[in-house]
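Asker: For reference, the chains in residue letters:
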Amino acid sequence: MDPIDTESIREDFPIFRRRLAGKRVAYLDNAATSLKPKQVIAAMDEYNTEYTANVHRGVYRFSEEATEAYENARKRIGGFVAAGNGRTLIFTKNATEALNLVARSWGDQLRKGDRIVTTIMEHHSNFVTWQQLAKEKKARLDVVELGEDHELDLTQLEKKLAGAKLLSITHVSNVLGTINPIKEICSMAAEHGVVTVVDGAQSAPHMQIDLGKLGCDFFVFTGHKMLGPTGIGGLLGREELLDRMKPYQYGGDMIREVHLKDSSWNDLPYKFEAGTPNISGAIGLGAAVDYLERIGMGAVREHEKELTRYAIRRLNEVRGVEVYGPELPKRSGVIPFNLRGIHPHDVAALLDDSAISIRSGHHCAMPLHEALKLDATNRASFYIYNDREDVDRLCAALDNAKKVFRVK
Amino acid sequence: MMSDIYQEFILEVYQHPMNSGKLDKPEFHAKSHNPLCGDKIELFIKTNGGKITEIKHSGNGCAISQVSASLLTEALKGKTLEEARGMHKEDVLKLLQIDLSRNPSRMKCALLPLEVLQKALKPGKQA
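Protein sequence lines correspond, in order, to chains A and B. If you count the first sequence from 1, you need to add 11 to reach the working numbering. If you count the second sequence from 1, you need to add 187 to reach the working numbering.
It should be emphasised that the hints constitute simulated quantities derived from the structure, not laboratory data. Since the model is a prediction, treat every value here as computed from it, not as a measurement. Quick reminder that beta carbons are idealized off the backbone N, C-alpha and C, glycines included. Possibly wrong hints are sitting among the right ones.
Stated by the list, open to error - Sample of chain A residues at the chain B side, in silico, Cβ under 8 Å:
| # | residue |
| --- | --- |
| 1 | R28 |
| 2 | L361 |
| 3 | D364 |
| 4 | H373 |
Just chain A, with the same shape it has in the complex (with noise of 0.2 Å):
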């Protein structure tokens, strides 16, 4: 039984008004990004109309309320990962930026011959950050490659921990879906002293994140894709680390007293929060969130868990579709396939015809790729609006796009 009515919540989202070639899109790029409600738009649209104003500045009305907005948004957010104590949420911009504002402030203290430990199914931000850290400063990157049945081999991770500094992987990988054992690696690397960085990118939006059992020292995730606006993200950090990490930009808001031959830095999380930030992103994104936990993560899981099952059984079906990714439960609504004699490019561009969408390519994930010997695959990925219908029009649409490309 879905535990998600989809027909109801797709009247919260407008762009389900629009027709395309007279259908309501199936959109299935939900790892690319997520639709909005009109709750989130409205909450922002409050922010630019009712009470404007810069945050942590004001003593007029507007500011105050403002600031209060943008400082409960921020609670809302940790409350959703469960932060708890001890553990401080910094707006980025998004997942890449939170990434790299550890890469280039914790990894500051790296020295040559240093090691630091990623995995082959990390998208770019997670990868070419850390490979371009290691050569500034001589260090090494040790990429994790896969195991069996695409999940990461855990015996080489550990051996990889070894005498390490830092390990960066993300929760659920954006390609294969694969959602890896974060608990477990987590409490592998404490093991070893190594400190860890989580991409939840692709796992916040779509599953009960506990920071506390977790157990990571840093986490970061993005706005866009767990129905927030686009330019808004965050990095989940433990204090104790982050109070000894120098700024990772430097302007307004982030400034104890500046005289003119040194400054200081404001207390966290303002210290990394340089200039005006985006307030009405952040205040979407709480809205969003309060959006998510009115469902319920739990719901959201098993919903796309359902789907999923459904949409991979489906696919199967289809003559001349391989499937790729680990079995259920092991994986996320993220489903990577190819349809045999047809270029992924071309699959996705047929299926839009159909108000289908998708993605092709190698999705930011060019290791990965090379790894699995694919030079790119199709990515139908899932959220709590989609439904069998879209999972059938999508098989539909493949059946129609071997007829064109005259495919058996």
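The hints should help you fit chain B onto chain A, whose structure is shown.
Answerer: For chain B alone, coordinates are given in the frame of chain A:
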């Protein structure tokens, strides 16, 4: 409709590519990659008496990029290097006979082989 671009002619060339493969010791060679969709094209060129006598393309990608590579290489045979360097976007689109003006992302696929050609024939680039 997107399916309009997959005309009989395009599918025919896609399924029966021309000049695909590699050349040993090419005089001119380059490769490029479209990061959006993962299309990869590599070109190999040999000349005789200042004219292109042998030309091959390898790699893989969507139908549009592959067909463009077939048609462009076919059109380049017998051309002087100067003529080849003078090939423009419009020349490629004329070869393809499809309207991509409303599909900027597919336009990139169509023009990838031309980009590789220009890279290969850059003065001083001779292998």
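Asker: Next, verify each hint and record whether it holds.
Answerer: Structure-based check of each hint:
no.	hint	verdict
1	R28	violated (22 Å)
2	L361	holds (6 Å)
3	D364	holds (5 Å)
4	H373	holds (5 Å)
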